[in-house]
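K.L.:
What follows is each chain in one-letter form.
6 protein chains.
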Amino acid sequence: MSGGAGISALDAGRALSEEVMPGLEAALADRYDRYLPGFSEWQIATVYGGPYARDGVDFKTRQIATVAALTAMGQQTRPQLKIHVKAALDAGWSAREVSEIILQMSLYGGFPAAINALNAAIEVFEEAAP
Amino acid sequence: MSGGAGISALDAGRALSEEVMPGLEAALADRYDRYLPGFSEWQIATVYGGPYARDGVDFKTRQIATVAALTAMGQQTRPQLKIHVKAALDAGWSAREVSEIILQMSLYGGFPAAINALNAAIEVFEEAAP
Amino acid sequence: MSGGAGISALDAGRALSEEVMPGLEAALADRYDRYLPGFSEWQIATVYGGPYARDGVDFKTRQIATVAALTAMGQQTRPQLKIHVKAALDAGWSAREVSEIILQMSLYGGFPAAINALNAAIEVFEEAAP
Amino acid sequence: MSGGAGISALDAGRALSEEVMPGLEAALADRYDRYLPGFSEWQIATVYGGPYARDGVDFKTRQIATVAALTAMGQQTRPQLKIHVKAALDAGWSAREVSEIILQMSLYGGFPAAINALNAAIEVFEEAAP
Amino acid sequence: MSGGAGISALDAGRALSEEVMPGLEAALADRYDRYLPGFSEWQIATVYGGPYARDGVDFKTRQIATVAALTAMGQQTRPQLKIHVKAALDAGWSAREVSEIILQMSLYGGFPAAINALNAAIEVFEEAAP
Amino acid sequence: MSGGAGISALDAGRALSEEVMPGLEAALADRYDRYLPGFSEWQIATVYGGPYARDGVDFKTRQIATVAALTAMGQQTRPQLKIHVKAALDAGWSAREVSEIILQMSLYGGFPAAINALNAAIEVFEEAAP
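Protein chains in written order, with full-length UniProt numbering: chain A, 1 to 130; chain B, 1 to 130; chain C, 1 to 130; chain D, 1 to 130; chain E, 1 to 130; chain F, 1 to 130.
Hints are computed from structural coordinates only; laboratory data are not their basis. Be aware that a few hints might be false.
[Unchecked claim] Computed footprint of chain E on chain F, listed as stretches where at least three residues anywhere in the stretch have a Cβ under 8 Å from a Cβ of chain E:
1) 71 to 85
2) 98 to 109
[Claimed, not checked] Some residues of chain E that are not near chain F, with every Cβ distance over 12 Å (derived):
3) Ile7
4) Glu19
5) Pro22
6) Glu25
7) Lys82
8) Asn119
9) Glu127
Note that the coordinates shown come from a computational prediction; the quantities given were computed from them, not determined experimentally. The beta-carbon is built from N, C-alpha and C at its ideal position, and this holds for glycine as well.
Build out the structure end to end from the sequences listed, making use of the hints.
P.N.:
Right, dumping it as structure tokens:
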């Protein structure tokens, strides 16, 4: 899905995940592959070699969209939300911009979901710039 | 919340909603205010005079974030999703970019949610450029 | 669970469902029991002979709580929402009160969920008092 | 939205939030306003000066409706659920009544959501009357 | 609903729950019945004397279906998910099979929900076979 | 992820999707690829060449798990639910078994979600065996 000539989704996913989240594939492999053979490669190929590796919209926009979605869903995805808040900062969004989008999600996922997401984001902001 | 000197949230919301969705307040008033006195003003002040009117992140980004969220939530919000797909196009996103973000949401809200959202978006694309 | 001396959940459920939704058990039986033997009796015993038949909080409060919940969940439960809006009116809530609670849910389930629920409720209001 | 002559949503929200949750605005300001300028005022105006300050249905009913909704949604809103269980007790509902509505939500949000909400509520009950 | 000649739902539920989760009714009674008179009996009759006690599909299939559902819903049901992962193992599914179904749910409930469920399941696997 | 020697996920997905849903890839390509270049191949590789093509648990179990999940999620996935009910019947589950699992989901996704899913399933049953 990377659209390139002959670059596999796995190769594209590895390149991208190593750039934005170094060590992810190894960590996934270490933790999950004994229960699910091949999981780490599939996750990398499907997620990082999938939508995130596609042309068509820039990577920075993709990161803020994911923050918006995880906030609005309001589920037990705090660990993933923190990962994507960090990725959004790394992609060039400011803490203010990330906070604004989370606030906006109060209109769609409700105030508790937005507040909880903001709390998670603040932990990331404070780790990034203590 | 509009941040300006003395501009009320209602005024800010009216200015913005008339720009991006002309006639919205009147339509809300006509339909809902007899059941909920003051609803239309409150909705305009809270939504369009609220997060959407804030500084801190640009309006274009806010629109794609809402498309992402409504897609990932996967709920019965097809009418609202179509409104925000239209608003995203009006804000300068291409049909391709909107589609990409919807596709990406398959990773968070699942494939059925993404496909259903894409179907709704395509209706908007085809109305916009038949 | 009906709390009475020897009244079974099924009997309690039948008494209540016939009062608030006459013909429900027969309709359920006619439609579902061929696929799920005993379903209609179980549904009546579990739902109408369950929480709704309990002492501890009044039936009127139970109905508005269900309207609140179905609104906030924002899912494809429009038919059930309409049934419970009707039941809330029958239990003594006004259209205004029902509308207010639905509006309040915009804070928890988001604006699209509240608007969609309000649209469903209005259909019930207009059927009840055309 | 407070409906009064000239009372702003912010003033109405401040009056109500100070009554039912003293110190809330200051706590919100202290924690969030540096990331989101004006957030605390907006939250108070929108939530406590919004639906909760409206006429049309009594405040006590609004509190039980929120408990119902947060329970049925089944999300990571335990902190907010506890706040509203406390507010429901303060508004005059008994622990039994609150428990009954939570139990009823097992029919809509499922048993795990109801049990988890009941566990959160019991913590509040036991703090309120140890 | 147990379909047997004269066996009540409560008796059927007690038999099944004592088999698969010994002590559950007593634990429920001890914790919840003071807030909700009769709750423990109702829960046992409704859940374990309800769908789980029915003929029509085997108990083993029911357990994997519940794991699938709790995973895809992605909510704060970690305690219940762990209970049903354990029950699925007890019903004859392997850790691999349970993991596979959880992985599959990434297509419907999203990757974060699947990963979080997998983490919960692994805790169960490791307690079961340390 | 197909685990075979050199069979790509796309080839595995094509083989499986053509078997269980002939013409799917062509239909996806025809409808979506103009908006999302390469989408149809990616969907086939990710979904049908992904979890559904994996060893580790049988295909029949995978289908009932998906029916369980889509039911419990209670979202606007009626088209996808019908597709997977059909696939579950094709995989060897009876209408009764599918109905039983849907009924069971009332305990997790609530009664409205289960009833709505049952209604969708009945349409499939009646098309399959009129």
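K.L.:
Please check whether the beta-carbon of E/Ile7 is more than 12 Å away from every beta-carbon in chain F.
P.N.:
Check passes; 18 Å lies beyond 12 Å.
K.L.:
For E/Glu19, is the shortest CB-to-CB distance to chain F above 12 Å, so the non-interface label stands?
P.N.:
holds (18 Å)
K.L.:
Mind verifying the non-interface call on E/Pro22? Its CB should be farther than 12 Å from each CB in chain F.
P.N.:
E/Pro22 is indeed farther than 12 Å from all Cβ atoms of chain F, at 20 Å.
K.L.:
Beyond 12 Å from chain F, beta-carbon-wise, is E/Lys82?
P.N.:
Correct as stated: the minimum Cβ-Cβ distance to chain F is 15 Å, above 12 Å.
K.L.:
Since E/Glu127 was said not to touch the interface, does its Cβ keep a gap of more than 12 Å from each Cβ of chain F?
P.N.:
holds (21 Å)
K.L.:
Taking 8 Å as the Cβ threshold, is the statement that the segment 71 to 85 of chain F is covered by chain E upheld or broken by the three-residue rule?
P.N.:
With 3 residues closer than 8 Å to chain E, the segment 71 to 85 of chain F meets the three-residue bar; holds.
K.L.:
Could you check that no beta carbon of chain F comes within 12 Å of the beta carbon of E/Asn119?
P.N.:
holds (18 Å)
K.L.:
At least three residues with a C-beta closer than 8 Å to a C-beta of chain E: is that true for the segment 98 to 109 of chain F?
P.N.:
holds (count 10)
K.L.:
Looking at E/Glu25 again, its CB stays over 12 Å from all of chain F?
P.N.:
About 16 Å separates E/Glu25 from the closest Cβ of chain F, which puts it past 12 Å; holds.
No hint from the list above goes unmet by this structure.
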